[in-house]
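K.L.:
Kindly produce the complete structure, drawing on both the sequences and the hints.
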Amino acid sequence: MNKNNSKMLTADEASKIVASSVIRRRKKDARLKTYGRIAIGLAVSFLIFLFVSIFSKGIPGFFQYYVTLDVYLDRDRLDPKGDLSPESLYNGDARSIVLESLYKVINPKGRKEKKAAKKIISSNADVRISKMVLDNSKILGKTISITFAVDDDIDSFLRGYIKRETPSSERRINDTVIKFVDKLSAENRISYKFSDYILTGSASRSPEIAGIKGAFIGSMLTLAVCFIIAFPLGVATAVYLEEFAPKNRITEIIEVNINNLAAVPSVVFGILGLAIFIGVFGMPRSIPLLGGMVLALMTLPTIIISSRAAIRAVPPSIKDAAYGIGASKLQTIFHHVLPLAMPGMLTGTIIGMAQALGETAPLLMIGMVAFIVDIPGGVTDPGTVLPVQIFMWADFAERMFIQKTSSAIIVLLVFLIFMNAAAVILRKKLERRW
Amino acid sequence: MNEYTLLILLLLISLLWFYFGNKTALSLKNKQLKLNSLPHYYGIYVALYSIIPSLFSYLLILVFDGILFSNLIMEFVPKEILNSPDFNKIIVLAQIDNAVRGIYFGEQPDWVTIASNQMIEWNNQSLIVNFFCSISLALGIGYLGFKNIHQEFRSRNSVEKIIISLLGLSSIIAILTTIGIVFSVIFESLRFFAIIPASEFLFGLTWNPQFEGAERAGSGQEGLASYGSVPLFVGTFLISLIALCVSVPIGLFSAVYLSEYANKKERSIFKPLLEILAGIPTVVYGFFAALTVAPLMRNGGSLIGLDVASESALAAGFVMGIMIIPFISSLSDDVINAVPQSLRDAGYGLGSTKNEVITNVIIPAALPGIIASIILAVSRAIGETMIVVMAAGLAANLSFNPLDAVTTVTAQIVTILVGDQEFESAKTLSAFALALTLIVITLILNFYALHVVKKYREQYE
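Chain order of the listed sequences is A and B.
All residue numbers for the first sequence refer to my numbering, where the first residue is 19 and numbers rise by one.
All residue numbers for the second sequence refer to my numbering, where the first residue is 13 and numbers rise by one.
The hints are simulated quantities; they were obtained by calculation from the structure and are not laboratory data.
Don't take every hint at face value.
Unchecked claim - Residues of chain A clear of chain B, computed beta-carbon distances all greater than 10 Å: (1) D88; (2) K136; (3) D200; (4) I393.
What the hints assert, rightly or not - To list a few chain A residues with every Cβ distance to chain B over 12 Å, as calculated: (5) D193; (6) N206; (7) G342.
Unchecked claim - Computed list of lysine to aspartate or glutamate pairs in DMTMM-like fashion (alpha-carbon distance at most 20 Å, straight line): (8) A:K137 - A:D88; (9) A:K160 - A:D88; (10) A:K347 - B:E172; (11) A:K122 - A:E205; (12) A:K149 - A:D92; (13) B:K466 - A:E270; (14) B:K466 - A:E273; (15) A:K446 - B:E287; (16) A:K46 - B:E272; (17) B:K173 - A:E261; (18) A:K337 - B:E172; (19) A:K127 - A:D193; (20) B:K91 - B:D122; (21) A:K133 - A:D200; (22) A:K46 - B:E368; (23) A:K51 - B:E368.
Even glycine gets a Cβ: it sits at the ideal position worked out from N, Cα and C.
P.N.:
Laid out in structure tokens, this is it:
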């Protein structure tokens, strides 16, 4: 085109050149549009791929296989002391009672087959019986049919992850076990139903009885501590910086500080917790109180920044009206500005809490990664949180843990979606336009 | 009685003072005297007077008795344990702490039982001391405040002064946090650099802290730990680069499409969809990378004859790229939208197509903002931890090959600091040195990004 500039063109020639270039230019335009569509398509398909891959593994994780057995609950053997105390039941013979009722169905011959049969039922079966007896002692001395979780390897076999065709030496379960499982399913004793353990069990090395209750409660406790610390502090800081802080160097330093803190990688807050809270103040590790404090420091900048924006959005006319009828500055702020800014501040806080709920790295460093079976009863009991539980389960080798991990992820995602939706609704519903 | 009941007691006392203050003010009012402030301000004044000093002393004793006792208890640890080479204060304290809580594993040595009994006694004593101190402060200073009440007393002004200073105090927490971070990192890093020269840390080519224990046991030259951080930074750089290769084109094209081509409906659907990607916890991405993407890449690689490591930089970088798409797309979208409509209209008025307006007008105008968004994404990628811990592995290979397993700064920090560790060893201290470099790098990136944005904003004013 540049060449043409130098000589004069007739109108016809010029419009010819333009007409021929227009097609090219429009094509180019369409191409950019297509690139944009492809980019969005890719991003969305990644998202879908992620969700599909997690949900396809996670939904089956909420279910598991059970075997139903007719168990004769022998009073003397289950409760040797006869006082129905937990210790007495613990010393009882529940495990072999369960095994005997299993042997009755599958008739194992010899020691080797009995050993194989033992592998079918989860090691948790005796606890289940003890619990049933504790709940209702009237069942003692009767024969009732009880469902027990099958061992994780059997579960994987029934799901088809462990294949029958694989040579016996490479399988985790041998032919005898498979023979027994076939026998049980032929008698309709194997069932597939919603897991009793995933939502109500606590951490365990046996995947068939592992659940997220402990981690879930730990998450809630941690989040509660985080909220109790971060929300008042964040709002107070925002009010101070917006309304009272003199415009001087110290204020400036605080503001730069807050912006910097928002940019610090989360793992650094874990180091802070480790070096200051544990190292200097001697706080115990692994407790939700400590986790909540670390996460509070992490979410504080988010809350401060959004609260300041919310306070700034309250029109000055409202403040002037309050001043006009004789309110003091603090009265104006507490009676008028804060209530009007509250939706915005809460939205920011919920988003900050959602971040805190999904955060893993800093909590790993303050010891919340410990293997804790007990469900924490308070903020000073050792515990773990949902994302850390996911991290730990993802490391375990058992096939069934992959499904359980995905199930835990689904629970976590549901909560995050719930929180974010709450933030969006809150913003839509309470948002005012002046 | 425990700490919680004491806390509730303190709150009850201040509530009581509120009641008395309020009542006195009301009775003054009933005598037809004109009060300076509303009656409840008198109540709040007395309550604040009672709760603030008592809560302060309560927290002070609660925090510092633990520190004091953990030092005093060392008297009870036998000399041969204190002087033994593998003496570890944290483990000893944990041992005593477990005994205090009644958690036993087998037989306890005698000194642990004695020390834990002493600890329990001290704890009880400190609780009693705390009880008397806080309660007497709550009652005493509350009474002083109560005596201040008279008709002319300007209680509202005093209450407001107290509240404003409390607000000011809370804004200092942000500074304290920064100071805490800086000090915790710098002190430990200095101790690390006293053991390992900074030049070795910054320019060394092998990273192998795992032999720390072996070195101590005297296994000779073979097991010498080395702390050259170059492989970690190369790994971080490599993974971030892969992440950018994924996220920059997708993020930028999405932003351009959403702000220039998409209609309102498309925008309202796809913008939130992209932002979901930023809300997914990183541990979920890590799981996805390790269990779905990495095997896919491994299988795909072996199909075309490439040997992909099962924990490859490619898988981790790819998933991290997905994660940071919304950082780039949202921020770029904002800056593209901030380009004045008049510039676009001028372009269209000259007969340009949309493409030409975008490439010749909008992108150049928005470039500083776009660059800032990319810088922020880089800083995010460098600080990202869980994806690399779960998917990139821990082998510190000095490699630029994306198909190899590499490790990153954050992944090493986490692996070194997870679990029980000795504060004295070079291995633990090295994590603090790594954290220091990490903080410095991310802060520089963020300052630079802010600087670029600031410069850009001034253009259209």
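K.L.:
Which of the numbered hints are not met once you compare them with the structure shown?
P.N.:
Nothing - there is no hint that the structure violates, so all of them hold.
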